[in-house]
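Colleague: Chain by chain, the residues run as shown.
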Amino acid sequence: MSCNSISVALNIGVKFSEGSEISNSKIFRMEEGLIQMKKIANGDEKALIDLIAEWKGSIFAFFYRSLSNHADAEDLTQKLFHRVYRAAGKYKPKAKVSTWLFTIARNLLIDELKRRSRRPQESILVEWEVEHVSGSYGQELKEILAREMCKLPENHRSALLFRVQQEWSYREIADMMKTNEANVKTWIFRARSILKKAIKPQL
Amino acid sequence: MKKADMDPNQKIDEFLKCKDGSESFQLDEQKLAKQILFDGTSKTVSFPSIRYWLSVAACVAIFLGFLIQKKDFIPNRSSGSEMVQATAASTSNMDLLPEEITMLDEWLLASPESVDFFSVDFDSSYELLVSLETIPLP
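Residue numbers (our numbering), protein chains in the order written: chain A, 1 to 203; chain B, 1 to 138.
A few of these clues could be false.
Stated by the list, open to error - So the derived label-pair ranges between C-beta atoms look like this:
#: 1; chain 1: A; residue 1: Asn107; chain 2: B; residue 2: Ala61; range: 48 to 54 Å
#: 2; chain 1: A; residue 1: Ser193; chain 2: B; residue 2: Lys34; range: 55 to 61 Å
#: 3; chain 1: A; residue 1: Ile104; chain 2: B; residue 2: Leu54; range: 35 to 41 Å
#: 4; chain 1: A; residue 1: Arg118; chain 2: B; residue 2: Leu27; range: 23 to 29 Å
#: 5; chain 1: B; residue 1: Val60; chain 2: A; residue 2: Lys92; range: 38 to 44 Å
#: 6; chain 1: B; residue 1: Tyr52; chain 2: A; residue 2: Ile35; range: 44 to 50 Å
#: 7; chain 1: B; residue 1: Ala57; chain 2: A; residue 2: Ile194; range: 56 to 62 Å
#: 8; chain 1: A; residue 1: Arg116; chain 2: B; residue 2: Gln35; range: 23 to 29 Å
Claimed, not checked - DSBU-like cross-link-like pairs, simulated, lysine-lysine; straight-line CA separation at most 30 Å:
#: 9; chain 1: A; residue 1: Lys200; chain 2: B; residue 2: Lys17
#: 10; chain 1: A; residue 1: Lys178; chain 2: A; residue 2: Lys39
#: 11; chain 1: A; residue 1: Lys94; chain 2: A; residue 2: Lys39
#: 12; chain 1: A; residue 1: Lys151; chain 2: B; residue 2: Lys19
#: 13; chain 1: B; residue 1: Lys19; chain 2: A; residue 2: Lys46
#: 14; chain 1: A; residue 1: Lys151; chain 2: A; residue 2: Lys200
#: 15; chain 1: B; residue 1: Lys19; chain 2: A; residue 2: Lys200
#: 16; chain 1: A; residue 1: Lys196; chain 2: A; residue 2: Lys114
#: 17; chain 1: A; residue 1: Lys96; chain 2: A; residue 2: Lys39
#: 18; chain 1: B; residue 1: Lys31; chain 2: A; residue 2: Lys46
#: 19; chain 1: A; residue 1: Lys197; chain 2: A; residue 2: Lys79
#: 20; chain 1: A; residue 1: Lys79; chain 2: B; residue 2: Lys17
What the hints contain is simulated information worked out from the structure, not anything from laboratory work.
Glycine included, each C-beta is placed from N, C-alpha and C at the ideal position.
Given only the sequences and the hints, what does the whole structure look like? Please build it.
Modeller: Okay, here's the thing in structure tokens:
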């Protein structure tokens, strides 16, 4: 282990020992993330622009596939960066920036789902109709998948999205969602099975 | 149709990755960053002012409360005659026996100048009390 990596590990407060699972590149990424968050907390515009540019697509995709509504996904993406700016000073490099960002994203999503559950059902149906105008075969398939995604429990859907969109390991997803790997595997398997069953007649 | 196109897992993954949706999402990061920083700055400016005015209001409230409390505890500076009237009123309310009232009347008549309690001649009243044998002689 190089002296450089030890000092970096000490700087960011991560216990790092020979043979541990934390790799050098991961530690450097964590330190990079910490520096970026410190800059953002201090009002560095460039650091904030860089963060938004780097993550806006992934965050939007997560919200869009969770809610199946473009406007809401856009709105939540903007809200997320507002929240990130306010919380940047509290960022601790215990996890990667991506894990931290998606934890905030998931909290926002849960809040939004709670808010939706309190709203009358009619308004949601109208939005759905406006959003999804049926068209080609591909469009029809997307429509079915979007509808089925909305029916999935939040934890099943989020776990599946983290696995497919972010390509996280089961372990990472389990840590982020505060559960164990077996649960994550089960949720993803169930979610996939439901989606497959829904699109089977179309294939 | 090719076999790959029929694979449901592939279709699901394509859908979940949401490449087409992300492409349609046009967010100006510079504009958003400026807005976030502006909102953050305006909030940090307004918070201390709110705190400042709240603390000033609390100080004023405490000061006024102290003044009101102090005012309540200051005794009324009433005149001597008012005090006499008050004493007389309280005396009239006392349950006195008829002989005690008579004795008190005699005592008051014996020293006409001492009707006003503040101008009592203590020497003569002492003598009177001695004559009435209300207190033992020294």
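Colleague: Any hints this thing doesn't respect? Which numbers, in order?
Modeller: 1, 2, 3, 6 and 19
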